[in-house]
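As they're listed, the protein sequences go chains A and B. Here my numbering is used: the first sequence runs in plain steps of one and ends on residue 438. Here my numbering is used: the second sequence runs in plain steps of one and ends on residue 122.
Simulated from the structure, these hints should not be mistaken for lab results. Errors might be hidden in some of the hints.
No farther apart than 27 Å at their CA atoms in a straight line, the calculated lysine-lysine pairs in the BS3-like style are these [said to hold, decoys possible]: (1) A:K87 / B:K94; (2) A:K87 / B:K71; (3) A:K87 / B:K105; (4) B:K94 / A:K149; (5) B:K105 / A:K149; (6) A:K87 / A:K149.
Covered stretches of chain A (in silico footprint by chain B; criterion: 3 or more residues with CB under 8 Å from a CB of chain B, positions within the stretch not fixed) [what the hints assert, rightly or not]: (7) 79-87; (8) 144-155.
Note that the Cβ used here is the ideal one computed from N, Cα and C, for glycine as well.
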Amino acid sequence: MSQTRVVVTGLGVTSPVGGDVPSTWEALLAGRSGVRPLTQDWAETLPVKIAGTALVDPTVVLERVKARRLDRTSQLALVAAMEAWADSGLDAAQASGDLDGDRVGVAMASGIGGVTTLLDNYDTLREKGPRRVSPLAVPMLMPNAPAANVSLYVGARAAVNTPVSACASGNEGIALAVDQIRLGRADVVVAGGTEAAIHPLPMAAFANMMALSKNAGDPTTVSRPWDTARDGFVLGEGAGVLVLESEEHARARGATIYAEVLGAGITADSHDIAQPDPEGRGGSRAIRRALAEADLDPARVKHVNAHATSTPLGDIAEGLMLHATLGAAVDDVVVTSTKSMTGHLLGGAGALESVATVLALRHRRVPPTINLDDQDPQVDLDIATTVRDLPDGDIAALNNSFGFGGANVAVAFGSWS
Amino acid sequence: MATTEEIRSDLADIVNEVAGVEPNEVQLDKSFVDDLDVDSLSMVEVVVAAEEKFGVTIPDDQVKNLTTVGDAVSYIERAQA
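Please model the entire structure based on the sequences and the hints provided.
Okay, here's the thing in structure tokens:
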């Protein structure tokens, strides 16, 4: 079946390692960790005192009055979207009236939504009474606020969607955007994910469910995917945004095309609310679906940006998935986990890592996985520990995301020349 | 007792904090909505901050009568008396 080709024409990021795409990419190639000690007073009582805090405070980037009306999830989303929108050149088309907003959509995911606004207002309610609860609390805390604020910024009137699937949310946003374009519902979709959950309540909750690493050593060494000493993920925050566009629309305006989204696969585990299927069956089906939708021969796949969060079970399961789906071709695939540097951005993870995957295809370079001192013998993958080059020619890459609730989303990207 | 100018000045600081309007723009004859672009949700924030600052109560059904900065300053002066 011939279907509309969907291309990437703009990228934006704000992350624990950089406030924009160039600085984030430079840090990832340099193997620089964004995991740092928390300096807030509340961190003293927590079992985990480190996180991947956004390197550049979004309230410094945004206008003050604008920022105070937005939850941090929306602030980060807007910073990344502004960069991606300008990068695509569509900001100029919008300004000159040459872009039909009825054909522009937004698919901006979040795993948790405006949790800090919710909890801060609950503190206010208890300490000062209901009169002091902010009249802006609802439009700030609603999970679709980041998507809504991005749609206001870019003038999107085709749709404003918010996929919510925990740590798979960002990739689900990208998958939904591809569908919207292929179904002819939009020509352009601003897609991605955002998260800002560095607050004592979510941190205590993730720690108590044994998901976060309690390693009290050098913070930069705690996120260590596939290493035998891994013992949980590090919470990160930030946002990633991709401007996705039909090839026809992108060509008509002479846009720079970074890569193609070849296809996506979405499946569900129906195994456990939080634990991954130990054999990774749901994840494998997601990868197979992505390959099928993309009509992609596994031999063309040369890179995988893995979900690999640094948890004992999940990292092993993902290795099994890649063997089950790529077969012998897996031997020629350079795998990395940028979470080793950024920590886990939850609903922002898939988006940040999709940006990294697109950059890897464009520059033919794979960022290293840091802290991999002793690779788990149960994981038989070629994992980059230094910057690795990708071959020339027509190649593809996968980005995997898996979320609590059994959500699995694999996205296949192709190089563009 | 605070003077009218003192109340206007403190209110101007609140409007600046909430809505980003320059304090010297917040003059007695200015309309919150038409001149200062303070929307309805921001107005609620201004009112609640003013209640805290001036130690007064401004019921929701009175807020709609506070069209100009002068209306608000007069209300606060009466409420403080």
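Here is how each hint holds up against the structure:
| no. | hint | in the structure |
| --- | --- | --- |
| 1 | A:K87 / B:K94 | holds (23 Å) |
| 2 | A:K87 / B:K71 | holds (22 Å) |
| 3 | A:K87 / B:K105 | holds (25 Å) |
| 4 | B:K94 / A:K149 | holds (14 Å) |
| 5 | B:K105 / A:K149 | holds (24 Å) |
| 6 | A:K87 / A:K149 | holds (25 Å) |
| 7 | 79-87 | holds (count 3) |
| 8 | 144-155 | holds (count 3) |
Violated hints: none; the structure is consistent with every hint.
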